[in-house]
Amino acid sequence: MRSSADSLVRIEPAQAHQRFTVALVGPPNSGKSTLFNRLTGLRQKVANYPGVTVEHRLGQMQLVRGTQVDLIDLPGVYSLDPRSEDEQVTHDVLTGRREGTPKPDAVLLILDATNLGRHLMLAAPVLSLGLPTLVVLNMADELQNRSGEVDVAAVARRLGTPVVLASAAKDQGMEAIREFLHGEFAVPVAPELPMVDDVPKCRAWAARVSRGAYRAPDPPLWSRRLDGVFLHPFLGPLVFAFVVVAVFQAIFTGAEPLMNGVDSLISASGKWISTHLPASPLRDLLVEGVWAGVGSVLVFLPQILLLFLFIGFLEDSGYLARAAVIADRTMARAGLQGKSFIPLLSAYACAVPAIMAARTIENKRDRIATILIAPFMTCSARFPVYALVIAAFIPERQLLGPFLGTRTAALLGLYVLGFLAAFVTARLLKSSILKSSRAPFVMEMPPYRWPTWQSLAFRLLDRAKVFLRRAGTVILAGSIGLWILAHVPAKDGVAPPIAESLAGAAGRTVEPLIQPLGFNWKIGIGLITSLAAREVLVATLGTIYGIEGDENSAGLQAALQRDLTPGGAVALLVFFAFAMQCISTIAVVRRETGGWKWPAIQFGYMTGLAYVCAWAANRIVSAFI
Amino acid sequence: MQLNGKYASLADLRRGEQATIRSLVLPESDSRRLMELGFLPGGAVRAGRSAPGGDPRVFEVDGSEVALRRETAALIEIER
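Taken in order, these protein sequences are the chains called A and B. Read in order, the letters of the first sequence are residues 1 to 625 in my numbering. Read in order, the letters of the second sequence are residues 1001 to 1080 in my numbering.
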């Protein structure tokens, strides 16, 4: 292009708007995501490939001279052999066969410098694509700390493509990457490449490339020492139990001050609106519909973020891989594998990210079983419902001195109930329709690393965005819809009593169906609206009882006590423990399983189980009280 | 699939013991995955720590550490 002076003149102005697509490829645990965050900062978004369950991140880099680079962070893979969905997507994107994604102009191949021999195997299939490639040897700081060495120039010569040493976590070597993206891309000219589908030959080739140019680092001493505790026959399970309890404690108590803060902010702003806006249906809609409805859900943001902070820390530090090893036996008893542990733990915050996290499970049947049982885990959306009903019906008494009160015990009991339902369901599934020859449980143990604040912050930001988007769409629409339905048909310009409104009519239609559970038509309206999201029940009851302000107030509890028998209250708790009332979960299960079959089965099973168990609970409790 | 018992398997290794991998007696796709993680015939492997009860166990192999269930380890033949 630059051979003639004529074309040079034309290139200069065009360069101001130059735009490249660059793909990030690398094995799992190579620090790809950290590098991606480093390069793109906040200019990134998470997206899903249509039709498959593989998530990818897109980001933009602005280089000087007006060049813009679109970065695609591809899933971590060990090879480009399209066996798993991750590998298929990576393969398709790199060869330009993935619809909607442009074929990359260049590739950044991220390899772990502390494990170069094995990681170099991925260079063979990537280089044979013939795309301009920069090999980034990441974790240079760790290599140096453990007295390893690499001759970058020699490796580059043997690979026939540029190589840089970098540490995304320590922000080293980023300039060299930007330099590469600036420059003229050149197709790699590797002197020799092995047959890429022969693993032993690939490994031998990788050994030749690094021979004499690489001194492997000393074993990670600290990781061995920590494993001496975390995988100790006695201490290991003890630490495991402690971690699980600590995560729970964070859900129960750690987030409380923050939640109270958000709560008072919402009530204060709601009060401000009701005093500063003239009385009108619009004001009522805002205060009773939007503020009571959406506000009751926003309160849970701190709790969810705190939980994801914990999970992010455990995952980035490398502990979660050890936890999966320890949990594997228990999971095996349910017919699942250790990898199911991570999604199931995150399901305590929310089933939606948990179901997405199930992607790490390679065995398809295990993955579907994990997806199907995840919504049984007590997600944070159930929390407001549990808290309200328990506070209204269970008097606080000490059970074990000051350590355990009746209300905490009731709450813990509901968590256990959800877990049992998940366990039994998994066993049923794995011994019947999802029976599979057990795929090997293979899990790489990354060395322990101190998580970077940056990567934790990005995780929280992602979660907050997802959560707020949900509050701003599903829950906002549901709240407004319910408020309107509770105010029509108007008679002589005046809203009817709720019982005679459309919402009331809907509640009374389902009343015969739910009466055996001990629920009346008002609870019926709540059950219908909570199909959108469980926590909407609380907001709905708040609106129905015509109580303004805090839906957790004593007023709402008193109203509930009038409307529910103790049997009905327990039935309501049991119903919420089992039923699948969450549009987002249904949508994500449909997306992840690629059809309506599994979400339909799941919805039918969970709702059926909820109905039968709530009925039984009502009968049993009513017989005794 | 089962080993004929002529050779020992990875499942026979105790913590700290070292051996050379002889062959992988697993379905094609499973053995490829294991080979990509470092379990290559001719390669050295050392048994590390495990979950309580010895299953799953972590193996040090080709510069990294990988956890395997006993049932999988039993299908990897070794020579001491």
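Simulated from the structure, these hints should not be mistaken for lab results. It is possible that part of the hints are untrue.
Simulated coverage check for chain A against chain B, where a stretch passes if three residues somewhere in it have a Cβ under 8 Å from a Cβ of chain B [what the hints assert, rightly or not]: (1) 73–86; (2) 196–206; (3) 228–236.
Model, not experiment: these values are computed from the prediction. Virtual Cβ for every residue (Gly too), placed ideally from N, Cα, C.
Status of each hint after checking the structure:
Interface restraint, the segment 73–86 of chain A with chain B: holds (4 residues with C-beta to C-beta distance below 8 Å; minimum three). Restraint check on the segment 196–206 of chain A versus chain B: 3 residues with Cβ-Cβ distances below 8 Å, three needed, restraint holds. Residues of the segment 228–236 of chain A with a Cβ under 8 Å from some Cβ of chain B number 6, which satisfies the need for three, so the listed coverage holds.
The structure agrees with every numbered hint stated previously.
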